[in-house]
Amino acid sequence: MKCTGAQILLESLKREGVDVLFGYPGAQVIDIYDELPKHPEIRHILVRHEQGGVHAADGYARATGKVGVCLVTSGPGATNTVTGIATAYCDSIPLVVLTGQVPTKLIGNDAFQEVDIVGITRPCTKHNFLVKDINKLALTIRQAFYLARSGRPGPVLVDLPRDIMLTRAEFVWPEDVSMRSYNPTYKPNLNQLRRVVEEIGKSQRPLFLTGGGVITSDAAESLTNLARTLQIPVTSTLMGLGAFPATDPLWLGMGGMHGTYASNLAINNADLLICAGTRFADRITGKISAFAKKARIIHIDIDPTSIRKNVEVEIPVVGDCKLSLQGIMDICAKKFPSRNWGEDHAAWLDTVSGWKKSHPIAYHKGDNIKPQQVVEALLKITAGDAIITTEVGQHQMWTAQFFLFTKPRTLLTSGGLGAMGYGFPAAIGAQIAFPEKTVITIAGDGSLQMNIQELTTAVANKLPVKVVILNNRYLGMVRQWQELFFDHNYSSSGMDAQPDFVKVAEAYGAEGYRVEKTENLLPTLQHALSTPNPAFIDVVVEREENVYPMVPSGAALDEMLLMQGK
Amino acid sequence: MQRHVLSVLVDNEPGVLSRVAGLFSGRGFNIHSLNVAPTLEEGVSHMTITTFGEGAILEQIMKQLHKIVSVIKVMDFSDCQAVEREMMIVKVQAEGPMRGEILRTVEIFRCKVIDVSHNEMTIEATGNHEKLEAITSLLQRFGIKELAQTGSVAMRRSKKQTD
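Going down the list, the protein sequences come from chains A and B.
Be aware that the first sequence starts at 1, since it is given in my numbering, and climbs by one per residue.
Be aware that the second sequence starts at 1, since it is given in my numbering, and climbs by one per residue.
Ranges of calculated distance between the beta carbons of each label pair, as one might list FRET restraints:
#1 P37/A / A56/B: 53 to 61 Å
#2 S491/A / M1/B: 36 to 44 Å
#3 M1/B / K334/A: 44 to 52 Å
#4 E101/B / P184/A: 56 to 64 Å
#5 Q2/B / H364/A: 51 to 59 Å
#6 V36/B / E175/A: 26 to 34 Å
#7 L106/A / T150/B: 29 to 37 Å
#8 T150/B / N183/A: 28 to 36 Å
#9 I107/A / A56/B: 39 to 47 Å
#10 F52/B / D116/A: 26 to 34 Å
#11 F52/B / N368/A: 51 to 59 Å
#12 P499/A / E13/B: 45 to 53 Å
Derived by calculation from the structure, the hints in this document are not laboratory data.
We put the CB at the ideal spot given by N, CA and C, even for glycine.
Here chain B stands alone, though its shape is the one from the complex:
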């Protein structure tokens, strides 16, 4: 099943998250990740929802989202060029010789160490879905003690000049 990133503009009113979440649960659609935050426009919030589904399911999800009265606009970013980022914070076991290797990995992926103790390091990583998966899998061998991850935020790429 294909992964889709949906960008949804909503009226920022109480219960709007529940309307969207209830639509997914009530109709048996799946939410993989969800991010909600206000936009620059007062009273409007932006949701980025990642979901998995075949064409017909996705069509229904988009239409049903649009049908919610509090939803202003729905876009599917999977079929167009978009920039997409997730962020995660990972606390890994870091003792003795492992510390150097962890720091090298951090450097390669352009992550940041944001907290450190005598036996642990906490790393902040930003990137698209695939990059964060790669980082997680590399850090796994040091021993991940805790992991917190945001949903995706996405935005359409600017139009490129072609001539």
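Bound conformation, chain A alone:
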């Protein structure tokens, strides 16, 4: 029996195990939407803006490890996905974005709602396709999912002209998805791993610096076992938070621009840096020429382009983080069966814990609520058992510093692109995946307004997502830079004109709370978190609080600005 393109598409999605589709209809995808109700296995979440749709699919993907899927129409529907796609691309998140396109015979004619979305997204997708032949539709969908989830994951866009969705063909599900030109390397080279173990054996001051790749490859447990066995302290990038329990004595906190004193000093004083699943972005390295000068560097990454792109390394290991870390563990166990690592690293562990004690992450309490206090309160109430998403800015850094993440896939944040407007829709995606879990967006008053319309999506789907707004009526991080480096010239960073977030929430049919006094903070958060409804909790915080420590842009990691006086 012959099927239409729309039927082949939906059948292919089911074969790929898709159970949720975040989307927004329009003319060129109307045939797909016509078919969709006949496939109840696929739950469609109607978002209120395509950017929100991609971020929600991204949040779903980060929380579950599965491929997130988004369906939008051509033209503006497609262009609205670009920020979401770029976010997923920077953070290596597996997505398949399906865009409608004008019929093939109209492509290139400047038809209504036509854009060359394949051309537009070429530099921010892992790969993209324009389907021009109905007989290649199923194979293309299969390849799109394969590319999205394998190797270094990433977003893949498939552009679907309307006539292809209407044409009929036999449904043939391709058994083989292998591609001649695409063969990611999972298995690390054994000789390289032996060299790694040799370096570890010689090192006096080793340090793990890990990134999002450890979470992507489900290597959190392997990392934790290895670090604990070898008694090696651990720091990570923003993207790596949660891979190693922040409650462990070996944990030094996040490194980099707003990293801890202990982490940044450890990076620059270690004699061996074991890096896994990080691409050495400028936010973690600071001034490259002064980065980890005393260390020999081991770099494990599945993407060869990440290796030696920014930082010279002594031992590159191309491969999957999990397989590599397990391989290192196995060789270590054989080579050093009875070595007392704790004793060997005792002096170094003493040094780093001295740094932790002398310069912990801290803030001064005051009359007004401090933003850090809100993050601490959330940690206390949830006992860390929650999925936290953030927007981008100061609140994001305070979340990274003060919320002690102990499990992978519990912090969803736009790390590489730094896209404001990410956190709230991402929380919706995560809540769809885990209806029973507590899902909280820690937001700034600026960021939240970038995708605030998704509150309708939360209300319509009865998702108990909570948005905690650290409201300082500023674009806080911009203001902080202006205070520190631009002589207090607060140009356009003030957000005095803002909506009443409580009324906004209520207008959408959600719950709204405002907290102005410290004594109301805990009880209000506790109450709001216990209701089954989506809620905004607008917390009025100290206006001009800064995130410390801070490594100024272009400075070395050990040239950080620390919190001043009382």
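Given the structure of chain A, go ahead and fit chain B onto it with the hints provided.
Below, chain B without anything else, positioned relative to chain A:
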């Protein structure tokens, strides 16, 4: 900066040139010349790209090219023996006594005259990069009116028997 000749096998699909060109422009790499043509294998094209860059830059270019899903194989011909050819067509001013001298130059470099008029000659020249540069500089004094040049095409030399 060293000149490198990269031989790149790609899936012959719409947009593949744009993927490769976009990689160079987006990452600030430089394309000096580029040649694309189908190979004997259906669905596969061969690109020859010449570029300039230090070791680390070249390493990134090669890795990034390889990362493009439509790219099958990348080889750098600068560090191995390869044959390399470019072609150009030059139209020069050719009047009176100059015509003889132009023809002698053409002969020395084993070029061909492919079009001629009462005051111009059009010459076809083939060779490696250096040879074409030499020809251009010699023809310059006659007055070059137009010049069209291909990018490089390159191929690994056959293995020589050594005993």
